[in-house]
Amino acid sequence: MGRLLSAVMVSLVLLTGGTAFGDAAPVSSATQECLDCHAIYHPGIVADWQKSRHAMTSPKTAMTVQGLQRRMSGSQVPDPLLENSVGCAECHTLRGGDHADTFAHNGYDIHVVVSPDDCATCHPVERAQYAQNIMALAEKNLSENTLYADLQRSILGTASVKPDQVHFVPANDLTRAEACYFCHGTRLRVTGTETRDTDAGELEFPVIAGWPNQGVGRVNLDGSRGACSACHTRHRFSIEMARKPYTCKACHVGPDVPAFKVYSASKHGNIFSSMQSGWDFNTVPWVIGEDIQAPTCATCHISLTVNTDGEVINPRTHQMSDRLGWRIFGLIYAHPQPKSPDTTPIRNKAGLPLPTDLDGSLAVDYLISADEAAARRTTMQRTCLACHDASWVNGHFERLDNTIVTSNQAVLTATGLITSVWEKGYAQGLAGGGSIFDEYIERCWSDVWLLYANNIRFASAMAGGGDYGVFEDGRYHLTKSILEMHAWQQTRDLIMKNP
Amino acid sequence: MGRLLSAVMVSLVLLTGGTAFGDAAPVSSATQECLDCHAIYHPGIVADWQKSRHAMTSPKTAMTVQGLQRRMSGSQVPDPLLENSVGCAECHTLRGGDHADTFAHNGYDIHVVVSPDDCATCHPVERAQYAQNIMALAEKNLSENTLYADLQRSILGTASVKPDQVHFVPANDLTRAEACYFCHGTRLRVTGTETRDTDAGELEFPVIAGWPNQGVGRVNLDGSRGACSACHTRHRFSIEMARKPYTCKACHVGPDVPAFKVYSASKHGNIFSSMQSGWDFNTVPWVIGEDIQAPTCATCHISLTVNTDGEVINPRTHQMSDRLGWRIFGLIYAHPQPKSPDTTPIRNKAGLPLPTDLDGSLAVDYLISADEAAARRTTMQRTCLACHDASWVNGHFERLDNTIVTSNQAVLTATGLITSVWEKGYAQGLAGGGSIFDEYIERCWSDVWLLYANNIRFASAMAGGGDYGVFEDGRYHLTKSILEMHAWQQTRDLIMKNP
Amino acid sequence: MGRLLSAVMVSLVLLTGGTAFGDAAPVSSATQECLDCHAIYHPGIVADWQKSRHAMTSPKTAMTVQGLQRRMSGSQVPDPLLENSVGCAECHTLRGGDHADTFAHNGYDIHVVVSPDDCATCHPVERAQYAQNIMALAEKNLSENTLYADLQRSILGTASVKPDQVHFVPANDLTRAEACYFCHGTRLRVTGTETRDTDAGELEFPVIAGWPNQGVGRVNLDGSRGACSACHTRHRFSIEMARKPYTCKACHVGPDVPAFKVYSASKHGNIFSSMQSGWDFNTVPWVIGEDIQAPTCATCHISLTVNTDGEVINPRTHQMSDRLGWRIFGLIYAHPQPKSPDTTPIRNKAGLPLPTDLDGSLAVDYLISADEAAARRTTMQRTCLACHDASWVNGHFERLDNTIVTSNQAVLTATGLITSVWEKGYAQGLAGGGSIFDEYIERCWSDVWLLYANNIRFASAMAGGGDYGVFEDGRYHLTKSILEMHAWQQTRDLIMKNP
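Residue numbers (this note's numbering), protein chains in the order written: chain H, 3 to 501; chain B, 3 to 501; chain L, 3 to 501.
Keep in mind that the hints were calculated from the coordinates and are not lab data.
Heads up, some of the hints might be wrong.
For identical chains, the list gives no copy identity; a pair is met inside one copy or between any two copies.
Said to hold, decoys possible - Using 30 Å as the maximum straight-line C-alpha spacing, the simulated DSS-like pairs for lysine-lysine come out as follows:
{"no.": "1", "residue 1": "Lys351", "residue 2": "Lys164"}
{"no.": "2", "residue 1": "Lys142", "residue 2": "Lys164"}
{"no.": "3", "residue 1": "Lys341", "residue 2": "Lys351"}
{"no.": "4", "residue 1": "Lys53", "residue 2": "Lys164"}
{"no.": "5", "residue 1": "Lys351", "residue 2": "Lys62"}
Based on the sequences and whatever the hints tell you, model everything.
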């Protein structure tokens, strides 16, 4: 009976530990050398990796899987990588000549920062898709947009009070790295080398500005953009984690992009939170109904999903906009998705680097067509229809379209108010060469389009629930902001005896 | 050993999948026809249902259970329903003649929207209790109250700026359906039929305005009010999910009714979040101490609970106010529960459809007596006393009573300020025929009674913790709002040279 | 096969119930008498205790464990306690003469409130460490600070509107007990006795003012300070619960000390939320990498952690500041940790009971030295380095140091504004003998240092993510508050025709 119970324990460990990928793949001698020291110095990441699929499977084994169960899209993996597990050395010595942070370390040329182009050795399809994802350009789209730079200056900058206004000096790199670029990704640069006194003696290491960072648009030391580890967290790199909404939350938590909060208030999030302990987050393909009974973020936006007969509902994509017709993150109005993930060339009619004009019209040349938007929505709806009939789905999207219109109207009203404030000289707008973000009344205006209108649209798009979209962070606050702008202007009118 | 491990696996599946309700009940031939197509078209809901107790048990089997273990309150189930599982056809063809959305579909007369009156076929006691729940009237109590309509207009409506004020046009039905009525419930109406090109060919379906909706007070197409699926989510309809606080969160997430946020900051929520993986959410009756070591929302407000000797602590109720003496959701002051779930007849002394006057006095004719409130509190306390001694419980409720008084005092102070603002003509109140919700200073006033006073009382009632009720969304913000109202009036006084 | 499955079930129960601490310890006859009644009257706490380690282990057995696995620090336990489980009577009759609430109950002298000095009988090291923890003095540090009392008055107090200002009467004890002192701890006092009619007949009990309370700095009826049950929740007192972040959340949920919100938005929190079901929260010592793959609050601040070779990473401490150089909770600026947990003697240069002056300079005599701060940071970094290399860790702390500087600068700017407001007479500051917390513009100022600067620093210290620290509750709002203060002053200047 003792042996019997032992067997039970083992089976339990295998079932619950998530490490049962068959016999472990052999560890390369190079990786074994890494492990010999780092298991002591950095036990957390070593143990994390040991629980990973990378530790248990060789590329060769992974390539034997055919059809929808296949997890590795590559089929031309260099020979030296084929038969061993995907360990320390396999990734951190890959394409050494391309990485500016490559340095000699115990006889190996290793680099600190593994990039999407390294991952592409085995996962080329996902990497190519991700390059078309606007997230891959998140650093560039922010850092090269002069208008966003001005907004950033007034949010992150150092404030000092001048007689007539508050003056903001742009924030330094350290602040930027833990603020906007924490999610958007930093631009990494090797600035030199340093010698560190380690448990293994004095060793030399590269010094990397902008490090650490796992932002989605990180500019890597091989020139590539992105960080797979933003979602497939080091060093487990698990599909389970990437499929759970907590991962998206790390960057989508605030009222500007409130995806997690809306999800967790929605019926989908309710089902996930209540029932997830019985779900399977590791299967490929992901069987809707059998593995999960409600979608997570990944289900709708990324994952390869099938029905219980194994028929594909939606193919996997790492270009998240594949299933999105509209960009409900207003800049400053909700608008069709941009054609290109590189949004830096976009100019509105007024010449500003924005996809919409202050009057609400669209920079149509840079945005996808109505047909393309409709096609993307149809793709999304294939997932909806796995659980809901057409009348449900149509009813839902009819409300979303209505909310895009009405929330844009609210932004137009608020923009009319701020325009009036500028015209009356109560704040300095673009006309006077000023910033449109650095005065209090302007911040009330940005609350409307950057926080509340976005909340309302996210809540609508994700069926996030009435209480969330009204009182938690939505319509109640949007209309209050408009009322505040009006009252503020009225006070100035009274003081100035403006009619 | 292989067979042994298989047995282990099976036992694990049974234990973890939650589907071990004994041998599955037979599927009726009608339901089998539904499943033949819908398992392909809508695999999510089919698989969800297959994991449900409805799929595993026939009413006849459920009726063999006696005493507190009984889950089905009905004892007169029509013969055709008795022996099969409770499947698609059983619910969606029930009482066909009563449903305005009944349509011919593959030889069956089915209706889209299953109503509480359908559920009452097997669950008459719960349905009758729920009809006495104020939630069942949530649509009516909102839509037929002129004052709430005005508040709604200024929150959801389309704003436009007029010379002297912001003007709001009432929101359209689509906006209402995803805002207030998302939780309160929409009024469903069949507006016609449409032909849709489906995978099974062209089929005709009813068109239902207000659909989809799972709001607690939904007006159904058979005239009934409510949606059991609001908490017992389709198509698992599980008691487990209804007992978890995430379900209540879907509608109780914002600062007006912050039940979930307060719970999750409380010690009860702390214990639930930390230890729930070892709890049993499926047992009937629910054994306090054995199945759970801290209450969820359902434990205190709804569930049949017993002690470890099987003695009843509290009987099941679906009239949630059964255990509540006070309504801490202020309108505009906290007040004893209304006598009837239909609050539309309530008028305060000023003739407004509110349970309290602006001076804080109660519309006593419409509210339960002090004796009844005390009796309901005693019922609630039976649950408290299962884990806490009388001195603990008395100490807790003494604080709640104090907080009801002091938070009402704060609302009175804020109401004094807004009254002064109206009298001075800085905003247009009721006296001038205006709205009392559509100006900025009025919104500061509603912040006090609709958001912060409610937060403070919820935090008090649920022992939600000091930091929550002070800095997260409570007293710090309530007093700041009062200070803002005062400063705003002072500014106008200075401008107007009012003494 | 039946017996086999039974064995499986048993093993599952043992594995999942967390109660497999070997053979249960015998229950003392005194405790058995308690259980005979209280299992019926208070089944929740009895069952909770029965699942506890206290119920399964005697001190004698616990003392046989040697080395890092040892959970009980004491080695001189009184004989009568040695051989039985740690049950009701063991704790509630301990040191009876020292407790003011000791009363005769069924032949025993029991006390209601078990104190840290009771727990010290078996856990003297943890108790002594905790006494050095600033949390142990939380009640005193708040109640005996005149400036904090004034802040408290304007947050919790009863507001009434006077011609020129809002007047606050200090809140009563009941309000305080559920507000600030809910977390800080109440001062318990026996005010008399009362006879209660119980199921066991008429019994006499002490009446305890300030009860219930589990605040970290509770003043107990034996004169000791603290409540072990604040984190090791009654009556399981489990290490598992204390190690989960939900426990810290109960007091660290608001924007003043937003530890939980920042954690749950961080990558650490993301990993915890996604993967915790496979983690072990009960092992001592806690093996980083094996038991957990990301830290919880306890991992970094309290727990005894080892690497997979069993080498100590950090020893256990219940003096939470052991690993903290800086106090990022600004009063009103971030500053090095105070030397003593008793902060009541601290005076800044202006004589105010604050660790910093309004101009940002430090009350250095009362704060730890730069060397000590550096040493504590080094201790903390040992945990970081278990998963991150030195360049990662250094990069992280370089950003934190920068953020301490820049957030302090922002507070200085805001303080310059409020000083100007005071000088111009738009609000009454200290100079005029007034409060610096009871006017609207002063509350805008406290938003800056008490809410937003703290949020920004917590987000920085815990790598809480860019979106959290910018838009959720951080820099966006901090700069908006500064802009509001400036605009408010400007409005008054315009009215007063001040240049």
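Exercise for the section: Enumerate the violated hints, using their earlier numbering and listing them in ascending order. Expected result: Hints 2, 4, 5 not satisfied by this model.
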